[in-house]
Amino acid sequence: MNVFLQQVVNGLSIGSIYALMSVGYSLVYSIMNFSNFAHGGVIMIGAYLGYFCLTQLGVPFILAIIMTAIGAGLLAVSIERIVYSSLRKRNAPSLYFLISAMGASIFLENIIIASPIGPTFRSYPAIFSSTPIMLGNTALSRIDLLMFIISFISLILLIFIIEKTKIGLSIRATAFNIKGSTLMGVNVDKVIFIIFLLGGLLAGIAGMLFGMKYTVYPQMGEITTKSFIAAVFGGLGSLPGAVIGSILLGLIETMSSAYISSQYRDLIAFTLLIFILIVKPTGLMGKSTEDKA
Amino acid sequence: MNKRLLLIISVLLVFTMIFSACQNTDTGKPSEEETIKIGWIGGLTGDFAPWGTCESNAANLIAEQTNANGGILGRKVEIISYDTRGDAAESVNAVKRLITQDKVIAVLGPNTSGQAMSITSVLNEHKVPNIATVATNPTVTVQTDGTVNPYNFRICFIDPYQGAVAAGYAADRLGYTKGAVLYDVSSDASQAFSEYFQQTFIEKGGEIVAVEGFKGGDVDFRPQLSKIKEANPEVILFPYNYKDVALSANQARELGITATLMGGDGWPSEVLMEMAGEAIEGSFIVNHLDIADPVVKEFTEQYVEKYDIKPEINAYLVHDAFKLLEAAIIDANSFDTVKITESLTKVTVEGLTGTIRLSEEDHNPIGKQAAIQEIVNKEYVFKERYSPY
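Protein sequence lines, in the order shown, are assigned to chains A and B.
Those letters in the first sequence? Residues 1 to 293, by our numbering.
Those letters in the second sequence? Residues 1 to 389, by our numbering.
Hints may be right or wrong, so weigh each one.
Far from chain A, by Cβ distances over 12 Å, these chain B residues were calculated [said to hold, decoys possible]:
hint, residue
1, Ser10
2, Ser269
3, Met275
4, Glu305
Listed next, the in silico SDA-like pairs over lysine to any residue satisfying Cα-Cα at most 20 Å (straight line) [to be verified]:
hint, chain 1, residue 1, chain 2, residue 2
5, B, Lys215, A, Leu251
6, B, Lys215, A, Ile268
7, A, Lys213, B, Lys37
8, A, Lys213, B, Val271
9, B, Lys37, B, Glu254
Calculated directly from the structure, the hints in this document are not laboratory data.
Glycine included, each C-beta is placed from N, C-alpha and C at the ideal position.
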């Protein structure tokens with residue numbers, strides 16, 4: 001029983017990282033109908049920003065996470081302005097967006113490798129004690145607890161913005177029908193600016209938490225492949241779907257390595273996902289391609 | 001037009017004559033005083049440059065020392081180094097050139113398995129032996145179908161051997177009876193390391209209580225580690241490189257695992273200490289040698305004096321390869337490459353990386369001791385030289 005509880009904690013903690021990352025994919029997809037693979041690059045830059053805020057500037061943790069979020073948000077917005085906006089103006093097919101996004105992601109990775117920062121692994125200074133909180137025989141690490149709390153607050157704020165504010169209304173309208181909302185006077189440029197900013201803010205937070213928990217290196221953006229899969233699994237374009245898909249993926253992975261075989265973990269976990277997608281092609285929470293967000 | 005062509009042709013002919021004349025004086029009359037040539041190949045530029053340069057430097061240093069002591073069988077030794085850029089095709093060219101033009105009696109290096117495997121056919125054709133330095137893939141000397149490459153030898157231990165050493169040390173010296181393994185399923189070396197660890201550990205009377213895998217690139221090992229924790233082992237093998245070691249060691253300690261950790265030559269790195277200094281305190285690693293070993297220290301100092309930089313591990317392996325070759329030449333009492341090859345598996349040499357004797361069956365060092373290091377106060381402390389057999 002104790003081991004089971006420990007594995008649940010492990011699964012939730014892996015899932016909550018996927019969740020923070022996958023929400024960014026879903027946000028962009030809901031409006032622009034393409035998978036923004038540059039998101040992984042933004043997360044990676046976020047991890048470096050947080051690292052340098054803490055080690056070079058020596059700012060307190062809370063300030064560092066805010067600075068990182070803003071920095072990554074601005075980066076995501078500039079990627080949109082530089083890479084996607086011209087494609088958007090020419091009404092390019094979404095395949096072009098996808099390829100540009102991959103290009104941007106490779107660019108970001110290599111600019112870090114080529115810069116004086118270099119390809120070495122870096123580790124965050126120890127901000128929190130690494131001694132876990134013991135609940136009986138179950139170890140709950142402090143950083144995991146912090147990640148749960150920060151992810152939870154960020155996701156609640158995001159859902160609040162989308163559901164309760166005027167800008168949220170225009171985001172939902174744009175997601176529902178981009179042409180229709182333009183006709184109704186919604187400024188689509190502004191909506192796109194906002195979703196990239198929101199996605200970037202979350203990417204910065206996710207990157208920093210990821211870096212604190214594990215390590216920072218130029219290829220860390222690759223881990224977002226799994227969060228992207230989680231977003232698809234939950235139903236691309238649906239925020240609650242992305243969160244639930246991520247948590248489930250974390251749990252499925254953990255449980256298959258715990259109770260079946262860790263050597264075949266990915267094989268088992270992803271076979272299950274394929275099976276679910278065959279039964280329900282739009283993902284768990286996805287409705288139809290018309291009705292998103 | 002015709003005049004110019006004639007001129008060019010005649011100039012070329014003159015050059016050809018000069019060169020062939022030179023060649024004749026070179027090889028025509030071998031004298032007793034003539035130096036003997038030993039080839040070295042490896043990457044002097046490109047990714048492997050730091051290691052290659054060090055190896056080539058070390059080989060020259062040893063040749064100098066040997067010459068100062070009267071050479072081998074009264075003849076002076078010369079090292080001829082060719083750059084392969086770490087490339088397999090380039091290695092073939094370099095070895096061809098060494099054998100056919102420079103008439104070397106043996107080839108030392110290269111420092112990767114890929115290069116060492118590519119030169120086999122050239123060696124076989126010309127019957128010239130090669131002693132590889134850090135090519136740890138088993139197939140360098142023995143092909144997958146079991147046939148031994150007659151002219152490929154190696155000085156380093158192979159990937160599976162590290163596993164046997166780690167298991168033997170854990171069972172015999174540390175007295176552990178319950179072991180566990182976490183390994184990278186996407187890496188050949190990690191897989192071989194872990195298999196032989198399990199096999200030897202069981203042979204020594206131990207019990208393997210958990211075997212878990214992960215895929216290279218993973219960052220979270222807690223599901224596997226939680227299972228390992230449940231099995232309650234005394235020692236856990238981490239047979240992979242420092243980044244994954246740092247992450248898995250930290251996570252193991254976070255989960256409250258107190259078992260001793262063990263690893264191989266993928267561990268040593270400054271980054272590992274920075275990332276997981278506390279988590280790996282008290283761990284044991286299997287390495288090729290320990291630089292704090294007094295025998296090794298002397299050579300290190302000589303190297304630093306000459307080249308003003310700290311040598312990499314390759315320097316010691318090329319040293320031992322040279323010493324083995326020297327012993328084989330003396331044993332054969334001849335510079336004939338076939339006779340030297342026969343002697344390579346007959347001689348025993350006290351090297352810097354342990355006692356070296358190559359097996360006739362697989363051309364690998366037999367029971368070569370590995371250096372066991374313990375991590376104490378974030379330093380690698382040499383424990384002993386150890387062989388499980």
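Going through the hints against the structure:
With a minimum CB-CB distance of about 52 Å to chain A, Ser10/B clears the 12 Å threshold, and the non-interface call stands. Ser269/B, annotated as away from the interface, has a beta carbon of chain A within 12 Å; the closest lies near 9 Å. Not every CB of chain A lies more than 12 Å from the CB of Met275/B, the least distance being 4 Å, so the non-interface label is violated. Every C-beta of chain A lies more than 12 Å from that of Glu305/B, the closest at about 30 Å, which supports listing it as non-interface.
At roughly 17 Å between alpha-carbon atoms, Lys215/B and Leu251/A fall within 20 Å of each other, so this suggested pair holds. A distance of roughly 13 Å separates the Cα atoms of Lys215/B and Ile268/A; the hinted pair therefore holds under the 20 Å criterion. Distance hint between Lys213/A and Lys37/B is unfulfilled; the C-alpha atoms sit about 55 Å from each other, more than 20 Å. A distance of roughly 16 Å separates the Cα atoms of Lys213/A and Val271/B; the hinted pair therefore holds under the 20 Å criterion.
Among the hinted pairs, Lys37/B with Glu254/B is inconsistent with the structure: their alpha-carbon atoms are about 57 Å apart, more than 20 Å.
Of the numbered hints given earlier, the model fails hints 2, 3, 7, 9; all others are met.
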